[in-house]
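> These are the residues of each chain, in order.
Protein chains: 6
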Amino acid sequence: MVAVKHPPNNEHIDEEMMKMEVNLDDISGEWLGYVMDKLFEAGANDVFYTPIFMKKNRPGVLLQLLTASNTLDKMKNILLKETTTLGIRYYPITVHRMERRFIEIETKWGPVTVKQGIDQGHVFQSSPEYEDCRKIAETHNIPLKEVYAAVWRKIDK
Amino acid sequence: MVAVKHPPNNEHIDEEMMKMEVNLDDISGEWLGYVMDKLFEAGANDVFYTPIFMKKNRPGVLLQLLTASNTLDKMKNILLKETTTLGIRYYPITVHRMERRFIEIETKWGPVTVKQGIDQGHVFQSSPEYEDCRKIAETHNIPLKEVYAAVWRKIDK
Amino acid sequence: MVAVKHPPNNEHIDEEMMKMEVNLDDISGEWLGYVMDKLFEAGANDVFYTPIFMKKNRPGVLLQLLTASNTLDKMKNILLKETTTLGIRYYPITVHRMERRFIEIETKWGPVTVKQGIDQGHVFQSSPEYEDCRKIAETHNIPLKEVYAAVWRKIDK
Amino acid sequence: MVAVKHPPNNEHIDEEMMKMEVNLDDISGEWLGYVMDKLFEAGANDVFYTPIFMKKNRPGVLLQLLTASNTLDKMKNILLKETTTLGIRYYPITVHRMERRFIEIETKWGPVTVKQGIDQGHVFQSSPEYEDCRKIAETHNIPLKEVYAAVWRKIDK
Amino acid sequence: MVAVKHPPNNEHIDEEMMKMEVNLDDISGEWLGYVMDKLFEAGANDVFYTPIFMKKNRPGVLLQLLTASNTLDKMKNILLKETTTLGIRYYPITVHRMERRFIEIETKWGPVTVKQGIDQGHVFQSSPEYEDCRKIAETHNIPLKEVYAAVWRKIDK
Amino acid sequence: MVAVKHPPNNEHIDEEMMKMEVNLDDISGEWLGYVMDKLFEAGANDVFYTPIFMKKNRPGVLLQLLTASNTLDKMKNILLKETTTLGIRYYPITVHRMERRFIEIETKWGPVTVKQGIDQGHVFQSSPEYEDCRKIAETHNIPLKEVYAAVWRKIDK
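Those protein sequences? They're chains A, B, C, D, E and F, same order as listed. Going letter by letter, the first sequence gives residues 411 to 567 in my numbering. Going letter by letter, the second sequence gives residues 411 to 567 in my numbering. Going letter by letter, the third sequence gives residues 411 to 567 in my numbering. Going letter by letter, the fourth sequence gives residues 411 to 567 in my numbering. Going letter by letter, the fifth sequence gives residues 411 to 567 in my numbering. Going letter by letter, the sixth sequence gives residues 411 to 567 in my numbering.
Since the hints were derived computationally from the structure, they do not count as laboratory data. The structure displayed is predicted, hence computed values, not measured ones. Wrong hints could be hidden among the right ones.
No copy labels: a pair is met if it fits in one copy or bridges any two.
Cut-off 20 Å, straight-line C-alpha distance, at most; resulting in silico cross-link-like pairs (DMTMM-like, lysine to aspartate or glutamate) [as the list claims (entries may be wrong)]:
#1 Lys486 - Glu539
#2 Lys448 - Glu539
#3 Lys564 - Glu516
#4 Lys525 - Glu426
#5 Lys486 - Glu541
#6 Lys429 - Asp456
#7 Lys518 - Glu556
#8 Lys466 - Asp436
#9 Lys486 - Glu431
#10 Lys491 - Glu451
#11 Lys518 - Asp542
#12 Lys486 - Glu548
#13 Lys465 - Asp436
#14 Lys545 - Asp456
#15 Lys564 - Asp542
#16 Lys545 - Asp436
#17 Lys429 - Glu451
#18 Lys525 - Glu556
#19 Lys525 - Glu541
#20 Lys525 - Glu539
#21 Lys518 - Glu426
#22 Lys466 - Glu548
#23 Lys484 - Asp456
Next comes chain A alone, as it looks inside the complex (with noise of 0.2 Å):
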């Protein structure tokens, strides 16, 4: 019932990366979408918005990312490209990663990989992969937690 896809990495890292910042009050939520979607595809780890509160009223957004350091100019690049920023902050960042290992769990309607968190050899942290669970959901017509549900009674048994 549990299939090891990928072996574990055997250790976790530190490593360091890149936190970067912009303030934006002068772009509009339908750019920033778009912004996103551009920023994930040119590699960053993670992108996302915080609603800030700036100067003259003025309801902001917060666009933060983080990314490998030798990623920073190509970062640098899509935000003076696609945004209104004039300025861009940054300050390097460590980031722990738990070792990840995929195993594959059998639902009566097909397999879901699930993705698994582990420190010093124990399993912390089990995620069914959504998009996994959304296509069984889309493509059966069932409920998506209904789908989540079956999956977490098969894990950790």
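We have chain A already, so just place chains B, C, D, E and F on it with the hints.
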């Protein structure tokens, strides 16, 4: 020390007003700061923004305003002209207002108006007027919180 | 393994309730934490805060609460006494509640109540009771998510 | 240069619709992204999320949606199946929609549809269609904002 | 009337600490309320949540915490066990703390501790202790704000 | 039509600055609006607020500001005097600024300054100055968006 500037209106009123709402994902924060000013100038009782998560990863803004029913069209007109919306929502809402009276508190830097909220003869709320306190703080170059503290010490004695 | 603790009420009810709203820009978060407790103790069905952008660059808070129509005055009174508001808004709102029943799931650490939502004879929702799970997690010094996982595995089999 | 694709409907309509609301503190963001898609597919006019502060330090989400009155039950059903809620609130809301017409603007990369909002014969709003602009930006590998700028330059001349 | 309970520490300290961050889109608010408690119990100086907009329309949460450098591993461990994260970010941050002293203010309902912040011999900040005020408010059934007001009137005279 | 008002500085600069942060749960929005003004007046490059969820159900505010390293003490001093904080955090952050130049665009209502962002000789960003546009909109009683539209049409031709 306490002089009533305006006699209280004798009864609180449960008034019917209109709440208006607009979702915005294609306008910048810069313009929204401006729109808020225009709506207040036109007589809106309150205008405020909430960050919302809209489709396609768009960080949007929910504009809400409170206005008298007979100014609905005036507000609609400003929203049409100054925002990017193609749809405006509204619904009636009851507003319970406390009786208000304004007293004057003497401080060593001059008088400060205090707005009091009264219900059935009891003072429930005493708020130093922000603009009075701000002016004193700036004129005398003292922290704003020190001005408020001075007023609070004299209220209710 | 599954014992019905309370029989389900046989019909969901579309009930008329009151939504109340207050905008606050002159009160601290500290007091607002307290106000939430007082409103729940007085019987509010729900109380929650939304961050809002108000005039003059003020990060404010929108307090919303849901309550039975006949407790409107009680809530008003708490809001007057415990907040700084001089105006309270409200409007009627219909609440559709699912039928609920409570079942008990046996885990190796003891029983956990599960709240189920039912519509037309179908169980749509099964939620382990947070407080039961929390107590087990703290007593046995295990992660909360492990307790939930154990309960989920036993539901719906 | 400007070709009317659809004739304008001659009058704006103040339509009665339903606003629905659900508070959620026991569901993940991952599922909520999915729920938004399902509600739009089922015909909701708008769906959006607001962050809310709920009891016991829980960062929750307020789901709001706008829908025609006769699709209320359809939306209820999706909310029951796909979220964890046991209670759904709703209230009638009036929606003022501007007349819309769609014109086509020719750019050097091809045509872009522009949605115009009209009130009493006056064009209040011209919005390049996001999907048209996105496709051009991606096909020609140019910044999205450059596409919008090109369209804006040709509108209203 | 004012009795120093603890002598002030004679110097403020610019201390090196660690800021830790986790992005979460696959955990419920219910669990996050619990996680905050666990982190504080384990000695975190501060823990707080920010709503963030993540990919695929997910309303997520940014958990941030401040902790001493030598408790980094302890916090990591709680985050691994109690959340769903597979990656934890951190970076050093300098914390400037004011000197603090605690004085006692006598009110008609009993004593209230007031925390004072001092910089170069000047009292910059006087905050009535919330828990003291809360207990008085609840014991005597009076508004919390009335208790604070009573304390404020006696401070700085 | 396009007159360079200031020659561009020839190189963008990656400058070291300071990011400062304060968590606030015992201050009102009213005071925070004031604090933002004071920090900008004292030379902060940017100041913004984020809503945060703090312990004990408190909706708090995270104040962040960006400032030159040599004005750190000046900002600290304002934060001590004008807020309620007893602890201020800070860390170095690199800021990448684009070259800027200011051009003037002639409209039928008079000139509008446009700020342009340049990188390696290429104009990446053109932003009409808000204050110029606002004044025209108010003087001529026309929608702000119409002023921006007029400026955009003339840029880049």
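> Of all the hints numbered above, which does this structure not satisfy? Sort the numbers upward.
1, 4, 5, 14, 21
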